[in-house]
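K.L.:
Line order of the protein sequences matches chains G, A and H. Read in order, the letters of the first sequence are residues 1 to 227 in the working numbering. Read in order, the letters of the second sequence are residues 1 to 220 in the working numbering. Read in order, the letters of the third sequence are residues 1 to 242 in the working numbering.
Source of the hints: derived by calculation from the structure; they are not laboratory data. Computed from a prediction, not measured in an experiment: that's the story for all the values here. The beta carbon of each residue, even a glycine, is placed where N, CA and C say it ideally should be. Each hint should be verified, as a subset may be incorrect.
Unchecked claim - Covered stretches of chain G, as calculated for chain A (at least 3 residues, CB under 8 Å):
1. 20-32
2. 78-92
3. 115-127
4. 164-172
5. 177-188
What the hints assert, rightly or not - Some chain A residues well away from chain G (every beta-carbon gap over 12 Å; in silico):
6. Ala47
7. Val78
8. Val109
9. Val134
10. Leu136
To be verified - Simulated restraints on C-beta separations:
11. Ile52/A <-> Tyr3/G: 17 to 27 Å
12. Ile52/A <-> Ser168/H: 53 to 63 Å
13. Val131/G <-> Ser24/H: 30 to 40 Å
14. Pro226/G <-> Val214/A: 20 to 30 Å
15. Phe7/G <-> Gln138/A: 24 to 34 Å
16. Leu80/G <-> Ile17/H: 32 to 42 Å
17. Trp136/G <-> Phe54/A: 51 to 61 Å
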Amino acid sequence: MKYTFDFASLQEYWPEFLRGALMTLEMTAIATVLGMVIGVLCAIGRRGKRPWLAALCGAYVEVVRNTPYLIQIFFIFFGLASAGLKLPIFAAAILTMVFNVGAYTAEIVRAGMDTIHPGQIEAAEALGLSVPQIYWDVILRPALERVYPSLTGQFVLMMLSSSVTSQISAEELTGVANSVQSESFRSFETFIVVAVLYFLMAMLLKFAFFLVGQAMFPRRRRLGTPL
Amino acid sequence: MGGSFTVNHFLYLLQGVGWTVVLSALAFALGGVAGFGVMLLRTARSALLRRISFLYVQLIQGTPLLILLFVVYFGLGVVGIELPPLLAAGVSLMVYCSAFLGEIWRGCVESVPRTQWEASEGLALTRWQTLVDVILPQAARIATPPTVGFLVQVLKSTSLASVVGFVELTRAAQVVNNSLFTPFLVFGIAGVLYFALCYPLSRWSRSLERKLNVGRRQAA
Amino acid sequence: MSAVVKLHDIHKSFGAIEVLKGVSFEIDRGEVVAIIGRSGSGKSTALRCINRLETIQSGTLEVCGHRLDQPTLDLRALRQDVGMVFQSYNLFPHLTVEQNITLAPRRVKRLPNSQARALAQESLERVGLAEKIDCYPEQLSGGQQQRVAIARSLAMQPKVMLFDEVTSALDPQLTGEVLRVMETLAQGGMTMAVVTHEMTFARRVADRVIFMHQGRVWETGPGEMLENPQTPELQAFLSNGL
Ligand SMILES: Nc1ncnc2c1ncn2[C@@H]1O[C@H](COP(=O)(O)OP(=O)(O)OP(=O)(O)O)[C@@H](O)[C@H]1O
Ligand SMILES: [Mg+2]
Chain G
1 MKYTFDFASL QEYWPEFLRG ALMTLEMTAI ATVLGMVIGV LCAIGRRGKR PWLAALCGAY
61 VEVVRNTPYL IQIFFIFFGL ASAGLKLPIF AAAILTMVFN VGAYTAEIVR AGMDTIHPGQ
121 IEAAEALGLS VPQIYWDVIL RPALERVYPS LTGQFVLMML SSSVTSQISA EELTGVANSV
181 QSESFRSFET FIVVAVLYFL MAMLLKFAFF LVGQAMFPRR RRLGTPL
Chain A
1 MGGSFTVNHF LYLLQGVGWT VVLSALAFAL GGVAGFGVML LRTARSALLR RISFLYVQLI
61 QGTPLLILLF VVYFGLGVVG IELPPLLAAG VSLMVYCSAF LGEIWRGCVE SVPRTQWEAS
121 EGLALTRWQT LVDVILPQAA RIATPPTVGF LVQVLKSTSL ASVVGFVELT RAAQVVNNSL
181 FTPFLVFGIA GVLYFALCYP LSRWSRSLER KLNVGRRQAA
Chain H
1 MSAVVKLHDI HKSFGAIEVL KGVSFEIDRG EVVAIIGRSG SGKSTALRCI NRLETIQSGT
61 LEVCGHRLDQ PTLDLRALRQ DVGMVFQSYN LFPHLTVEQN ITLAPRRVKR LPNSQARALA
121 QESLERVGLA EKIDCYPEQL SGGQQQRVAI ARSLAMQPKV MLFDEVTSAL DPQLTGEVLR
181 VMETLAQGGM TMAVVTHEMT FARRVADRVI FMHQGRVWET GPGEMLENPQ TPELQAFLSN
241 GL
């Protein structure tokens, strides 16, 4: 049997694809910001002096990193629903993304903070900086500069795995693809188009992170050397 | 709806664990072979081969696994090859693994000092002999921790096979939950089972890496 | 003359190992004290107790009117009065020279950004590096980095400065330029405690030398004491070089 490709019949769905892609990007942007916050707080918690908090943060990171995202989604979404808490799907999708990426971020940020030499912290203490000031100016800023490539790589991966939220009927790009393919009966073409769209979005995201990095790390911009 | 979680449900989930392991092993074995090829191409002498394989890796790594799965599942089905879900999942996971493993191993091969290649060339070894006898044994040591770490990634990824109807652990959990509707319990147990598979591997990978770092520091 | 730094019977242990076994000495305002001794004799530890990078187990310790042995200690006020320069410079690698110098004044003393650059300029002139203000640490030689570290400390206008083997990581040529900066500071009336292996510097610049041995102040006196050691331990230390 000879198969003839028919991409033309997908043209009318172009606005749908665009809407899905934009929603994916929107979810990614929100989850990146919130995941960053959770990740940094959790990394600080794991280094902190309270053993119970360090253990709690450590357990969170290990549980997330050693279970599939899809299971996390089902657990959170259907679990909350069974407990009577019906979140809007958009919010639920973002919640699972933040829960997931926060743990990966925490691990990466912690690795970055571990590269800060204790002498740096002593020097800051000797200058009279307070603990929050030391965390921000002397630990986090250089740590983030150091792990920026792996951190942004993780956020790109999160954008790609957000396709899984289609399984709780989120209307992001994969969700849109599912409805388009069932309407158009052009499944193969639909998913090829969507694959290309994801690829372009990944490139776009990488470029955006590059620009943000240039703005955030003047030393790297000027010297071009890794810290 | 209704009924409570029984031993039979648990056995059903355990059966799912079995299929998860089978699919992971299949994906890892096939992906390993293909990944080795990708690594060879990524480090080839021909710039064209390097560029093509680079594009391949970028494309696969820039596409969600779920989409890859759909492309394989619908694509090959539509072309006329009727794939059972296990094979569809196996093929897409193989492609996925080949890109990631190929890239991990390329990094390891390239971290072997250039001078090792030059010394071997001086001894009149062929490129293949150099690779097999000199480079790979050294690269393998460095490659073990990240490869074991990636195995965790593969185990988790197989949960997506549930989407095309392959009854591994995640699908089994969905089936049980659909009849009991106790998601916290059922997906919680599934999570624990995944954790039991993945966590030891994660620990192993980390301890391998620590040992490697200690060894390297002493050598330096 | 009033003492700015007073240590009395300081005891300090790391776990089971007692590193300071009853150390007492004082430093007067404007005085330069060199602390010498074998590796592991507790010099760094004693110095680090003075600005509370280490906490003591017993004894009384008063620095610029701050009682370090009291729970009421205002740590940040102490740190503003005491500057410290480290063997490994510890410049912040992600910040320019200017930002390294002005970070603490801006954060701790709330210095407006408009005045920060002038402060950095002024501090750098004191160490002879005004033209490096926009460089990053990695663009400087070791000696230059150490002088920036001194400038960074000076910018907080400390009343006492602590130096812990600040030239040990430098080759002889670069050592000279750092020691000259320290000598100028000493002549300007700065109160200084200097842990050093540079015996010529100790003899020439220090008002007083403290020889530490096995966690105790073993011998103390003016710089000339190095020509005429009283204890066999100091004698042995001086004749071995280190
Ligand atoms: N944080 C620490 N934990 C445990 N032991 C320590 C610590 N810091 C120092 N020590 C021990 O305390 C003793 C004194 O150390 P200190 O650094 O004060 O010596 P030092 O006189 O400065 O020597 P050096 O000339 O080598 O710098 C040493 O035996 C050292 O091993
Ligand atoms: Mg010392």
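K.L.:
Take the hints in turn and mark each one as holding or not.
P.N.:
Hints, one by one, checked against the model:
no. : hint                              : in the structure
1   : 20-32                             : violated (count 0)
2   : 78-92                             : holds (count 5)
3   : 115-127                           : violated (count 0)
4   : 164-172                           : holds (count 3)
5   : 177-188                           : holds (count 4)
6   : Ala47                             : holds, 22 Å
7   : Val78                             : violated, 5 Å
8   : Val109                            : holds, 20 Å
9   : Val134                            : holds, 29 Å
10  : Leu136                            : holds, 26 Å
11  : Ile52/A <-> Tyr3/G: 17 to 27 Å    : holds, 25 Å
12  : Ile52/A <-> Ser168/H: 53 to 63 Å  : holds, 54 Å
13  : Val131/G <-> Ser24/H: 30 to 40 Å  : holds, 32 Å
14  : Pro226/G <-> Val214/A: 20 to 30 Å : holds, 24 Å
15  : Phe7/G <-> Gln138/A: 24 to 34 Å   : violated, 48 Å
16  : Leu80/G <-> Ile17/H: 32 to 42 Å   : violated, 54 Å
17  : Trp136/G <-> Phe54/A: 51 to 61 Å  : violated, 39 Å
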